[in-house]
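Number of protein chains: 2
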Amino acid sequence: MTLLTTHKLFNGEQRRYRHYSHYNQCDMTFSVYLPSRALQGYRLPVLYCLGGLTCTDENFSVKSGAQRFAAEWGIVLVMPDTSPRGTDVADADVYNLGQGAGFYLNATRQPWAQHYQMYDYVVTELPELIEKHFSVNEQRSLCGHSMGGHGALMIALKNPQRYVAVSAFAPIAHPVAGAWGQTAFSTYLGANQQDWAAYDSTELISRYPFSLPVLIDQGSVDEYYPEQLNPQDFVQAAKAKAKGINIRYQLRENYDHSYYFVSTFIESHISFHAEAFGL
Amino acid sequence: MTLLTTHKLFNGEQRRYRHYSHYNQCDMTFSVYLPSRALQGYRLPVLYCLGGLTCTDENFSVKSGAQRFAAEWGIVLVMPDTSPRGTDVADADVYNLGQGAGFYLNATRQPWAQHYQMYDYVVTELPELIEKHFSVNEQRSLCGHSMGGHGALMIALKNPQRYVAVSAFAPIAHPVAGAWGQTAFSTYLGANQQDWAAYDSTELISRYPFSLPVLIDQGSVDEYYPEQLNPQDFVQAAKAKAKGINIRYQLRENYDHSYYFVSTFIESHISFHAEAFGL
Numbered sequence: 001m002t003l004l005t006t007h008k009l010f011n012g013e014q015r016r017y018r019h020y021s022h023y024n025q026c027d028m029t030f031s032v033y034l035p036s037r038a039l040q041g042y043r044l045p046v047l048y049c050l051g052g053l054t055c056t057d058e059n060f061s062v063k064s065g066a067q068r069f070a071a072e073w074g075i076v077l078v079m080p081d082t083s084p085r086g087t088d089v090a091d092a093d094v095y096n097l098g099q100g101a102g103f104y105l106n107a108t109r110q111p112w113a114q115h116y117q118m119y120d121y122v123v124t125e126l127p128e129l130i131e132k133h134f135s136v137n138e139q140r141s142l143c144g145h146s147m148g149g150h151g152a153l154m155i156a157l158k159n160p161q162r163y164v165a166v167s168a169f170a171p172i173a174h175p176v177a178g179a180w181g182q183t184a185f186s187t188y189l190g191a192n193q194q195d196w197a198a199y200d201s202t203e204l205i206s207r208y209p210f211s212l213p214v215l216i217d218q219g220s221v222d223e224y225y226p227e228q229l230n231p232q233d234f235v236q237a238a239k240a241k242a243k244g245i246n247i248r249y250q251l252r253e254n255y256d257h258s259y260y261f262v263s264t265f266i267e268s269h270i271s272f273h274a275e276a277f278g279l
Numbered sequence: 001m002t003l004l005t006t007h008k009l010f011n012g013e014q015r016r017y018r019h020y021s022h023y024n025q026c027d028m029t030f031s032v033y034l035p036s037r038a039l040q041g042y043r044l045p046v047l048y049c050l051g052g053l054t055c056t057d058e059n060f061s062v063k064s065g066a067q068r069f070a071a072e073w074g075i076v077l078v079m080p081d082t083s084p085r086g087t088d089v090a091d092a093d094v095y096n097l098g099q100g101a102g103f104y105l106n107a108t109r110q111p112w113a114q115h116y117q118m119y120d121y122v123v124t125e126l127p128e129l130i131e132k133h134f135s136v137n138e139q140r141s142l143c144g145h146s147m148g149g150h151g152a153l154m155i156a157l158k159n160p161q162r163y164v165a166v167s168a169f170a171p172i173a174h175p176v177a178g179a180w181g182q183t184a185f186s187t188y189l190g191a192n193q194q195d196w197a198a199y200d201s202t203e204l205i206s207r208y209p210f211s212l213p214v215l216i217d218q219g220s221v222d223e224y225y226p227e228q229l230n231p232q233d234f235v236q237a238a239k240a241k242a243k244g245i246n247i248r249y250q251l252r253e254n255y256d257h258s259y260y261f262v263s264t265f266i267e268s269h270i271s272f273h274a275e276a277f278g279l
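Protein sequences appear in the order of chains A and B. Our numbering puts the first residue of the first sequence at 1, with every later residue one more than the last. Our numbering puts the first residue of the second sequence at 1, with every later residue one more than the last.
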């Protein structure tokens, strides 16, 4: 693991690392925010923050403003990249496929399958690395924006024993119902729609028990809200199928899809995770 | 004035505009943050936020986190660009001259003098535009980062009647003593060092009365601190020459020159301006 950059931030440190991923078969970059208490050796819980289409680990790091509140609560933030990258890694000429658009799944179709194993990377490989190298405990939670909101919800739904809570900003919450999700799933997974359902949060919440606390914020004037995101489908399925689920869904009047929206509500998301961590 | 983008942010609006500048003889872009109270018609004070080398109006807008606190206090933020821009505007092949590096002065040497009139733009033309089009009062203050810290201090020192306070992050506080300032001043103003002194904050504070409150933060591991910035020269001159000046200078251990440093201390800067505005 190679340290690329480090910046002091709210008494803690914002660092960026590169390491070789055995799942993705390429070098990966991630960012981590370590509050001062982690630097002092206290073992803190970890919030994984998953980015959206076209993003790297840096968008959330630079634009969300999350570190101010992670510092106050004592939460380590981990910002993975959104796909494998490199000249040897398959790519596409559109922003919603290929590098920057891994969709947090394990691709099964070539040429994607060789490197695009983001599900295993985020669920297994990266947490092992984080838990080996940093002063963290075994409490984990997930948040994400847009495609990263899809990743956060989907990963929590498939691994409720590994996480304590999940939150999302404008998530692609029903990918099989929108063009982004359909394009990505058909490209990475093939034509069999049963394979798609395994990565669709609305399908998953309809089929499997889930009781972790969920927080979702959605901007009302988000241009992707009606066609690509469909968080209301997820919320409806959750309320119908997951009895007693603790889900808070908030439609935010006149907010859009940008990080300005994320930064406005990040404090409430970090507080939500702090409560789930028992802080 | 053309509205380019608008985003709801902390109940207010982050907007970006383009307009023709008569001083700079080209189109200029700026960003403005309007707290909800300004949108409701209350006339609020204005903090001008000046960017550093290579920046546009967007760096401070996206990375500083200032809007959270501007919203709470009810302060309009204005983020100007750092130079004139365009294919017809003189430029240089280095990051510290030309477009993105206007140094907030009125250039007197060609080819720069034709468009590089950033001093008049920031002091006169932009405030006239802001005060005509937005719900603001006549209270103004200045803050800036690096080259923008130079701009903020220098403009306040030359126009103490127009502003109520000034703050700076890692300012180029003694430009005639460092290579960045020397290169810019000799290029834009020529070889006569008396002309340079008119834009050098340390020279200005030594010569002219000044009693506005000043807040400066400087990171101790900032790579530009010892050679390019020299805030300690300014502080020393201020304490020697400006009796009773209200200056707070804080060396921040292990912080660097980045916006991570700015975002860590932005809350205290906004509070400082709020106090000066009497909020």
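Don't take each hint at face value.
Any copy will do: because identical chains look the same in the list, a pair fits if it lies in one copy or spans two.
[What the hints assert, rightly or not] Straight line, CA to CA, 20 Å or less: simulated SDA-like cross-link-like pairs of lysine to any residue:
1. K63 x E13
2. K63 x N11
3. K63 x F265
4. K239 x L129
5. K239 x D27
6. K243 x I130
Keep in mind the hints are simulated off the structure, nothing from the lab.
Could you tell me which of the numbered hints above are not met by this structure, giving the numbers in increasing order? 4, 5 and 6
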